[in-house]
Amino acid sequence: MAEKTKKNPMKKKKQQLGQLANFTKGIIRENPIFVFLLGMCPALAVTATLETGVGMGILVIFVLTASNIVVSLIKNFIPDEIRIPSYIVIIATFVTIVGMLTQAYAYALYQSLGIFIPLIVVNCLIMGRATAYASKNDVKSSIIDGLGMGVGFLAALALIGITRELFATGAIAYGVYLPLPFEGSIINTSMYLFNMNVFVGPAGGFIVIGIWLAIFNARGNYLKKKKEVERQAWIEEKKKEAAERKRKKAMEKAGEAA
Amino acid sequence: MLAKLRMALILFIIGSLSGLSIVGVHRLTEDAIAHNELMQQYDDYVVIFPDIDLSDLQEEDIDEDIIQRRIDAYDQNGDLLGYIFVGRAQGHSGMNTILVGVDPSADIVKVVISATDDTPNYAQIIIDDYLPNLSNQRIDEVDYDTSTGATNTYNSVRTVIDAASLHVAGDPAMEAYLSVFDDAERYATNFVFDDEALEEEINIFNAADEIIGYAYIAFIDDESVYIIFDTDDVYQATVSQDVDTSVYDDDIGTKIADIEPEDDDLGLILAELKDLLTNSTRVSLEYIARYFELYDDEDSHIGYTYVGIADGFGGLNVIDIHINLDGELIEYEVVRSNDTPDYINPVLENFEQFIGDSSLSEDDALADDVTVGATRSATSIYNIINAAFEAHAEREGE
Chain X
1 MAEKTKKNPM KKKKQQLGQL ANFTKGIIRE NPIFVFLLGM CPALAVTATL
51 ETGVGMGILV IFVLTASNIV VSLIKNFIPD EIRIPSYIVI IATFVTIVGM
101 LTQAYAYALY QSLGIFIPLI VVNCLIMGRA TAYASKNDVK SSIIDGLGMG
151 VGFLAALALI GITRELFATG AIAYGVYLPL PFEGSIINTS MYLFNMNVFV
201 GPAGGFIVIG IWLAIFNARG NYLKKKKEVE RQAWIEEKKK EAAERKRKKA
251 MEKAGEAA
Chain D
259 MLAKLRMALI LFIIGSLSGL SIVGVHRLTE DAIAHNELMQ QYDDYVVIFP
309 DIDLSDLQEE DIDEDIIQRR IDAYDQNGDL LGYIFVGRAQ GHSGMNTILV
359 GVDPSADIVK VVISATDDTP NYAQIIIDDY LPNLSNQRID EVDYDTSTGA
409 TNTYNSVRTV IDAASLHVAG DPAMEAYLSV FDDAERYATN FVFDDEALEE
459 EINIFNAADE IIGYAYIAFI DDESVYIIFD TDDVYQATVS QDVDTSVYDD
509 DIGTKIADIE PEDDDLGLIL AELKDLLTNS TRVSLEYIAR YFELYDDEDS
559 HIGYTYVGIA DGFGGLNVID IHINLDGELI EYEVVRSNDT PDYINPVLEN
609 FEQFIGDSSL SEDDALADDV TVGATRSATS IYNIINAAFE AHAEREGE
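Chains X and D, in that order, are what the protein sequence lines are.
Mapped onto my numbering, the consecutive letters of the first sequence carry residue numbers 1 to 258.
Mapped onto my numbering, the consecutive letters of the second sequence carry residue numbers 259 to 656.
In isolation and in its complexed conformation, chain D is listed as follows (with noise of 0.2 Å):
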């Protein structure tokens, strides 16, 4: 016992001194650090503005999780350039540190990576290849590239535009969302549809967290469509800026079941949406958003699917569970991934050993001979069958 008090006094120590060295250090060069962050922020907003004048620099400090600063580009007569975001987003190995560029008509000018933990092979692959090709888009219409090869630097420049987006043009979303709900904080994606005009499902909050209604995103005439319910399916309404959805107002307060869809797009919409909502249920589990009966070709009730949703490697993944009625696993379909291929479809086929269980074992489904390489891919498929499986048992318990 003294023996190892003795070893943990020691790693205490040696830890207590390491920690006060690097504050000392820190405190050393702090003011030098952030001197040359500052130089190198200064040079990448000559990048994107040439002609923007640093003597006359208005900043402004935001505090949110992405976006760190807002800079309004001026030249030297005191025109307006742009405006320049900087923000903080996860890459591979670290956070990185990005500014985009915006000029006043909301064109993206440029992207820059200002600072990078990631391998700077990876990331040169990103400022060589694809972050030209974001310049000249609108920053809210930003068509991404879906396969660079460094998925996760990437990423982080998407998450850092879309959240400059926000503040750009504004946020339509949460406007349509605060339209219905005076009490809306925020919103979270709940599932993403295989769809073309249906795009997701949103889970609306209020500042207890609590779920106050869902909206679902769709496209009609390339025009983003808010189709808003409350937490009982009862219709509130749908919300856009161009399309005419006067048709429907007479519904607002009527349960989906009971509306009759008109024959327009989004009459068409919104019989899919009835479709959905009458015959699947929600499900409040992380990892699973609805589930569905399911019947065999002789229509005799075999079990449910279960609709899940994580994370991927390039982006979220959506599975179909199929459960049958003693819990066991029939089978499971990838509805929409963007993985790749090479790497998800031997973990797929690995998930093939549990068709028949009513559980899984993680050392199997996560066995490092397969998962090596691809364990996004593997423990977001692990964790929608775990989680099909813990829906299955809840629902069975009700």
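Excised from the complex, chain X in its bound form (with noise of 0.2 Å):
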């Protein structure tokens, strides 16, 4: 009788992810910025505070979610020779009907963001996607591809402006450039420590991704190193259990033997 035995848990991790996993993937395990370091000029650019930041977040997976659709919507009608400017039309009609929404109804969102809205058409994530997912699966993993991965974009760049807004001013408003009803500060602390005005320009941008993206590898390394110890248990296991094997066979020959 076949004796049972442990799965291997890399190829566990291999199998086709879940709906739930294509959606979550982006948030962390596949970050856009913190991993796959694309969209780094909106990333440095508008995330001088969480509010610039979260909309440009929004704006991005509005785009990315509506150009994945199209795209996935129309992949087998277009010819390879001209994938690449089709893709591009599409994302930047998204982009223009995106800054002509903003410009109506975000105008502060709108002020604040500037050239960087028409320049979401050459976000690297947007065109990464496009090409190597949407191009490739149905519209519903489509949507949730774009959708995830937007939240992740989102999520870093909301991270990223949360640090800056709040080592700059030693708060972080709400209300200011996002049309929302109200209008206020998360945090307000008036602390000396906070009023570093070198996190409102490009080097306190660099600084910030730099040290979350130092606690992103750190973590990456980690877990790195905690599949390693996984794996090489799970070789040593393996081991054992082909030397008990090979036990049980000689001593089931020497007794066939005897």
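Think of the hints as simulated: they come from the structure by calculation, not from any bench.
Accuracy of the hints is not assured; some may be wrong.
With a Cα cut of at most 20 Å, we get these calculated DMTMM-like pairs of lysine to aspartate or glutamate [as the list claims (entries may be wrong)]:
(1) D/K532 - D/E454
(2) X/K225 - X/E241
(3) D/K262 - X/D80
(4) X/K225 - X/D80
(5) X/K136 - X/E81
(6) D/K262 - X/E81
Computed list of chain D residues with no C-beta within reach of chain X, every gap over 10 Å [unchecked claim]:
(7) L436
(8) E481
(9) T489
(10) T598
(11) L624
Listed below are several chain D residues computed to face chain X (Cβ distance under 8 Å; list not exhaustive) [unchecked claim]:
(12) S279
(13) T287
(14) I291
(15) N294
(16) V370
(17) T374
(18) D375
From the three backbone atoms N, C-alpha and C, an ideal C-beta is built for every residue, glycine too.
Taking the hints as your guide, dock the two standalone chains into a single complex.
Next comes the structure, spelled out in structure tokens:
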């Protein structure tokens, strides 16, 4: 009778992702900014405050999801030769639309983001997901991928925005740039420690992104080590099992011989 | 062939659908956008004139390239506070909308960048550090900063202020040209001098865009003086508000070569012009204004000096190009440039490879590794040297 053995944990990880995993992968494990370093231009340029970061994140979610839907829908009709120009036109259309909507309904955000709204067209994340995912998957999966990656992007911008705004002003304001029906501060401290203007400028953006990248890398390294330990333990276990089987076989043979 | 047609059709359909979507959203949002922009401008009006009565705005649309609208600002008592000029000019990444507030005595009250597509951090440099310097200056005598770190954004501000100045203080230059040429329609700078008194050479055009005369703008006692000639260099007039030029009235209708200038301020400028116009030949080519014969130390004619002018990064670059009788580049000298030395100097060095050549290779002249970050400096020098070769070939042909 064949003996039951434990499943390979590596193999298990490589199994088809469910839709929930498809959504959540972009938030931490495949975070566009902290893991893939995609879309770094807005991550540096518009994250001086939480609200501008969140605003840009919302716009990117819209463009990313909408372009993923269209790309996924028409993927079978687009010849390879015109794939890139077609995708660029699609993305640029949604960026133009989102620009007009922001100008109409979130004017303060529109003014604050300025040139970085049209520059969403060249955000590698959007073109990357269109070519790497939406052009190969069905509409439902593409929507979930777009939303998940977009939320991951938004979360990263928000994290950077919170850090920069807090260290620069000692407060986290809301209702200034986003069209919220109320305004105020989530945190408001007048602590001297926090009044570091460097975090408003580009240098602050680099510093904060560097710190968060270090944290994400440290987490990645920790998981990698943990996985390696698990793998080693699994190998040892397999070795033990093989040795046990060998020993049993030898004993069976010895028994038969006796 | 069919595959190509299919691809073209697909791109056409995608493009058309994109266009339709954008038009649809534009229709949906245009009123809201216009309303937001208006509210933003009202906010800007209040920034310029805090006492402005927004319920009694007198606005006039102006159909010009730069100035779009003029607003007469009154307070609650009906007293005139001043004027606001709304203008649009090219910045670094698109058109900037700029508001210039001027009081009734033609002093700038405040300049506001109302909308910009330029990089926010650069626009902010101009807003924080340079716009305040413009307040309280007379609009027609603004002392602009020369180095700002955000040249294109600042130049757009400058363009709008200069255009607004024509509305406030009038255009004395055009008035001067019209006093001589009834059919003067427009004018354009042909050359900028590197001289304290003599500022610019101006081409005066009629409605058919033909040059009908030349004017030289000079400064005497900080007063602008317009010295005007016809196309044969015959003296027509000197127009000035305060400088007495009547001593040269007898010379009207005389060629510059035959005028004997007096020993006064205007006479010194006329002597300079006489020297310039008799020793050089005008060239009607873009980027080349004129040329001189070039002699060596032993007074042998060795070639020609072509005086070139083209837009660089920080304004006009004026460069002398020396070409020998065989049509080969001997040397080039920067006469005037406001481009950042760290950017223009490597570009100038790159052009040394063409000394001895009688034409330019665009690939070598504008190689990416040299021009990166200095594209406009490199292009201006390339255009000037290229035009000098062209002018030389034309002159040889004649």
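Verification of the supplied hints:
no., hint, result
1, D/K532 - D/E454, "holds, 17 Å"
2, X/K225 - X/E241, "violated, 24 Å"
3, D/K262 - X/D80, "holds, 12 Å"
4, X/K225 - X/D80, "violated, 41 Å"
5, X/K136 - X/E81, "holds, 16 Å"
6, D/K262 - X/E81, "holds, 10 Å"
7, L436, "holds, 42 Å"
8, E481, "holds, 43 Å"
9, T489, "holds, 46 Å"
10, T598, "holds, 20 Å"
11, L624, "holds, 24 Å"
12, S279, "holds, 6 Å"
13, T287, "holds, 4 Å"
14, I291, "holds, 5 Å"
15, N294, "holds, 4 Å"
16, V370, "violated, 13 Å"
17, T374, "holds, 7 Å"
18, D375, "holds, 5 Å"
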